[in-house]
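> On the provided structure of chain A, position chain B as indicated by the hints.
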Amino acid sequence: EDQVTQSPEALRLQEGESSSLNCSYTVSGLRGLFWYRQDPGKGPEFLFTLYSAGEEKEKERLKATLTKKESFLHITAPKPEDSATYLCAVGTSGSRLTFGEGTQLTVNP
Amino acid sequence: DVKVTQSSRYLVKRTGEKVFLECVQDMDHENMFWYRQDPGLGLRLIYFSYDVKMKEKGDIPEGYSVSREKKERFSLILESASTNQTSMYLCASRLGGAGASETQYFGPGTRLLVL
Numbered sequence: 001e002d003q004v005t006q007s008p009e010a011l012r013l014q015e016g017e018s019s020s021l022n023c024s025y026t027v028s029g030l031r032g033l034f035w036y037r038q039d040p041g042k043g044p045e046f047l048f049t050l051y052s053a054g055e056e057k058e059k060e061r062l063k064a065t066l067t068k069k070e071s072f073l074h075i076t077a078p079k080p081e082d083s084a085t086y087l088c089a090v091g092t093s094g095s096r097l098t099f100g101e102g103t104q105l106t107v108n109p
Numbered sequence: 110d111v112k113v114t115q116s117s118r119y120l121v122k123r124t125g126e127k128v129f130l131e132c133v134q135d136m137d138h139e140n141m142f143w144y145r146q147d148p149g150l151g152l153r154l155i156y157f158s159y160d161v162k163m164k165e166k167g168d169i170p171e172g173y174s175v176s177r178e179k180k181e182r183f184s185l186i187l188e189s190a191s192t193n194q195t196s197m198y199l200c201a202s203r204l205g206g207a208g209a210s211e212t213q214y215f216g217p218g219t220r221l222l223v224l
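Each protein sequence line maps, in turn, to chains A and B.
Note that the numbering used here has the first sequence beginning at 1, numbered continuously upward.
Note that the numbering used here has the second sequence beginning at 110, numbered continuously upward.
It cannot be assumed that every hint is accurate.
If the Cβ cut is set under 8 Å, some of the chain A residues that face chain B in the computed set are [as the list claims (entries may be wrong)]:
(1) Arg37
(2) Gly43
(3) Phe46
(4) Ala53
(5) Gly54
(6) Glu55
(7) Phe72
(8) Arg96
(9) Gly102
Straight-line C-alpha distance at most 20 Å; calculated EDC-like pairs for lysine to aspartate or glutamate [unchecked claim]:
(10) Lys69(A) - Glu15(A)
(11) Lys127(B) - Asp160(B)
(12) Lys166(B) - Asp2(A)
(13) Lys42(A) - Glu17(A)
(14) Lys166(B) - Glu131(B)
(15) Lys59(A) - Glu45(A)
(16) Lys162(B) - Asp137(B)
(17) Lys112(B) - Glu45(A)
(18) Lys42(A) - Asp147(B)
(19) Lys68(A) - Asp39(A)
(20) Lys79(A) - Glu17(A)
(21) Lys112(B) - Asp39(A)
(22) Lys112(B) - Glu131(B)
(23) Lys42(A) - Glu131(B)
(24) Lys166(B) - Glu188(B)
(25) Lys63(A) - Glu17(A)
(26) Lys42(A) - Glu178(B)
(27) Lys112(B) - Asp135(B)
(28) Lys59(A) - Asp39(A)
(29) Lys69(A) - Glu9(A)
(30) Lys166(B) - Asp39(A)
These aren't lab readings, by the way, just hints derived from the structure by calculation.
This one's a predicted model, so the numbers in the text were calculated from it and none came from an experiment.
Ideal Cβ positions, reconstructed from N, Cα and C, are used throughout, including at glycine.
This is chain A alone, in the form it adopts within the complex (with noise of 0.2 Å):
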């Protein structure tokens, strides 16, 4: 059975404190791992799409890197607008994508 495992659940940084948030999955056959923010009472909005391990994407503050066994979100420096939940996914066989539950991530100015 395909499982993605965030940690931590929830995460309290000072402004420009810079941390890590973690993955780790077990499936067969990676489809792709998927970030995703998601803001109080709204849809997850598409971060980033890692397809092998040693891949790194990069966008603003935020950089996503991947391995056979987890991801992580680095996020460097961070502003109280980057307060929101992660979603971690995997891809999975026949379009599928199973999330782990998420780090709740606030940022305090």
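For chain B alone, coordinates are given in the frame of chain A:
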């Protein structure tokens, strides 16, 4: 930009009512999906559709049905709403086809309250 829209942001219904949730995408995507999102349970797949008039059950299809008569529109139907169907409902779409990205794009969500 991919745009996925959902007919209502908030909906309040009574137990036993038939409820229709509509989703429209404007990017000619073949695949469409319905999820529900609950605290502590994450996103769970209800139904998905590979193409017009095609549908597949997801992980939690009980109490739901779907309709896809046109490529751009995917409807979720609660045949007889129950209080345990109170949730956030999210629609997503994906390009589809061989070699296409697996990335799904989400709509804004419909928060449904069943009284």
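> Which of the stated hints cannot be reconciled with the structure, identified by number in ascending sequence?
Result: hints 1, 4, 5, 6, 7, 10, 11, 13, 19, 26, 30 break, sorted rising.
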